[in-house]
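**Q** Listed here are the chains, written in short residue letters.
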Amino acid sequence: MRIASIDWAMLETLCALGVVPIAATELIQFRSDAVEPALPADVVDLGLRGSPNFELLHLLRPDLILISPFYVRHEAALSRIAPILSLPFYVRGEPPFEKALAAVKTLGERLGRGEKAQAVLEEIATEIAGYRQALAPFADRPTYLVNIGDARHVRVFGFDSMFGDMLARLGLPNAWTDGSRFTFAAPVPIEKLAGNPDARIVVVSDVPVEARSSLKASIIWNTLEPVRKGRVIYLANVNPYGGVTAGLRFARLLTEAIVAGDERG
Amino acid sequence: MTARAWFLPSVGLLAGLILFVLEASSQVPVSQWGNLLLPPAELGLDKIILVYSLMPRAAVALVAGAALGLSGALLQQLLRNPLADPSTLGISAGAQLTIVAATLYVPELVDGHRTAIALGGAAAAAAIVFALGWRRAFEPVTMVVSGLLVGVTAAALSAAMTLSRGEYLMSLVTWNGGALSQQDWSVFQGLALQVAVIGLLAGLLIRPLLVLALGDTSARSLGVNLGGFRFAIAALATALAGFVAAAVGLVSFVGLAAPAFVRACGARKPTAVVALSPLAGALFLWLCDGIVQFVARTSSENFPTGAVTALFGGPVLLWLLPKVKNMEVPHETRNSVHRRSLAPMIAAFLLLLPLIVALSLFVGPSGHGFKVLTWVETLDLLPLRWPRLLAAAAAGGLLAVTGAILQRMTGNAMASPEVVGVSGGAGLGFAAALTFAPGGGTTAVFASAGVGALLAMMAVLVFASRRHLSPDKMLLAGIAVGSFSSAVLSALLAIGDQRSWQILAWLGGTASTATPATALFLAILCLLVMALALLLGRWLTILPFGPSIAQSLGLSVRLSRVLLLILSGTATGAASLLVGPLSFVGLVAPHIVLRAGLVTVRQHLVGSFLLGAALMAFADFGARNASFPYELPLGLFAALVGAPYLIWLLGRQR
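In order, the protein sequences belong to chains A and B.
Under numbering that gives the first Met the number 0, residues 0 to 264 are what the first sequence spells out, in order.
Under numbering that gives the first Met the number 0, residues 0 to 653 are what the second sequence spells out, in order.
None of these hints come from the bench; they were simulated from the model.
Do not take every clue at face value.
Straight line, CA to CA, 30 Å or less: simulated BS3-like cross-link-like pairs of lysine-lysine [as the list claims (entries may be wrong)]: (1) A:K215 with A:K228; (2) A:K115 with A:K104; (3) A:K98 with A:K115; (4) B:K46 with A:K228; (5) B:K46 with A:K215.
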């Protein structure tokens, strides 16, 4: 079956089921931002997620196109090319990992790979349980999950983000509890991280080059208790809008870093 | 000054103070404010945040607001155009473009050199605009048009760069929105010094500015060196805007709103407007920032203040509009333009169109370049290609005719479809659909964009239908709606979830969503609008002469304006629903046509229509192929095709 994926989370889900797509969007960015899963070089790049190249997609003659509700405005055009399957991952105010798991099941059934999907889901559960166990000794300290925007702003991941949801599944409390109608990734001024001085700060994905030296010089960043006490962890790039693979990659990187005592200032 | 003139600023000041004290005391109780001057090492984190974040933030808001207010007042006085401000001159967009480009291509340079880069962009944009205005002694209309061209081109390039990258640009999104949060006093110190120096220089130039307000002819007879003073004032205003952009990002609307507020409070003399605008700007930005912080504390939603100034400023301006004193624009004699016969130009366009159609249908990427497709390949791709080609051309035609109508009707060179607020309204509806019905499907998105466009148009119509409403005010009403919309969109962009990418994509515009049905609909609509516009040609000939002449010729100004606006609104709404808010073509095509010598109403309308269609069709071809398979925004290509030509024409003028 020739499958093309417009949505990155669907792309991950497809790969997790052991199927290689014929085409997907923004592969340059995907390989640098999401890293996993590694895609073969012959997967065709369909261009931007915001405006995928319909002509190229048409010429590739896919049998199925994977999207999510974020691509609503392309639904009509895409369904003229091939049948589409659209599954939701990110809904404001709802933890996304359950939806990512459901997507594995639904897509697996659609592709006649129900058993594989079941196996994948069991594997995921085992893996998470393992990480949870490894992290149990560290579970009394709350954790801020952030992504550095510039020297004055961070994105904080709440419970309805993939990272926040995974953090809860790993048994670690999220230090960011402000407001229940929290967006998945709101840019907030850095001083808002002062709310919980006992927390650790986990910086997910590389700090933008243009913010590195100003962040180091920032009085407020350096006054934050976790920074002073060296409780900051820097993780490699993970796609914040991914599916099960991104969730697991985050869980693995986080567990490895915490267990290895990689915390620094 | 009237009682209200005192009442408004006092209420503003009081509200600003209350908001600041609320915010500050929630950080550190007022009773403990005694020992805040200790070195940072001896302060607790709460006090550090108060002293190194909240206080400098308020100070920066005040000084940045003052700078923008002064900049806007100087520019408005200088160009004798109540719509002029740093953003209409392209200065802010220039700063934005260099920051975006630097972040993408030389990120190491941005770290630590942000100010220099933004300032360089602002200066470059201003330099281009001034160079274009130079030959015509900085004639107001030329300046505004050049500024818009430079601004739109820069904004389109920035958007294209942002789109072609992706997730990493959150800091740009925040920066673009004008985030005022501070980490220490350095930004304030730098900005305050810069603004103080420029404020002093501006004080020295107040007298010549007074003379300029009398009009070119009078000023010349008084022996004022027009070019020199205009250059000096424009340089000061640019520097102010550049410094603010460098320090806190793009804070929209303050430069436009502050002088308007001052005039609404009763100030008439140019001296008073220029002197009071910094105060109004400072108060306005401080107040907006106070509200942003209040909202952030109570609901944990953080919006960039720059976007919020427009959010508050838009409605406030609508409310103030009836009170705004008309700024008299002394009519200068128009440079004579050669009248040409329509036939050769039409012939040129008729040759141009089939060429573009052939390019669009028969050329495709071969993997490493372009090739002429075989007949079979063409037929295979035809169902995908003809709708977008037709839709793009029709949308271009619609927007261009709308632009021609609006520019004729208002006699303002800046009038373009986005000015009626329709594109802005469609954008609001689009944002609403994404927010409240993310799974609603294409129909929901289009329907709510349509409803948004209609509501925005009606809001502007309410103002237009009042008697004695000058074209200037109508434009201000449209701009208020437009900036309200872009504020909402920037706020959504700044929230930074995946809606951002849809909004960015829509703002850039793409014809790829066109279906056969929508393309045919647009094409038919476009013929209807054209026919109606030609029928109403007499109105468009008479209206530019002003309401009194129109009335004496037996034309109901009110009725004709309302009908023309409905026509424009429908045309723009339909076009922007399908291919995004591509008002650029609506601005450029009528200008190119006019400058090419098609000056009668009929020539102007038909020429704009054909050129708009050709421009947009070609832009769609370029957008598809320039960076295959990565499709670029249609608006970007329209800008890159049209702007250089218009800039060249501007430069060629005496």
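**Q** It remains to establish, for every hint, whether it holds in the given structure.
**A** Against the structure, the hints:
At roughly 15 Å between alpha-carbon atoms, K215 (chain A) and K228 (chain A) fall within 30 Å of each other, so this suggested pair holds. Taking the CA atoms of K115 (chain A) and K104 (chain A), the gap is about 9 Å. The hint holds against a cut of 30 Å. A hinted pair counts as satisfied when its Cα atoms are at most 30 Å apart, and K98 (chain A) with K115 (chain A) qualifies at roughly 18 Å. With a C-alpha separation of about 19 Å, the suggested pairing of K46 (chain B) with K228 (chain A) holds against the 30 Å cut-off.
With a C-alpha separation of about 20 Å, the suggested pairing of K46 (chain B) with K215 (chain A) holds against the 30 Å cut-off.
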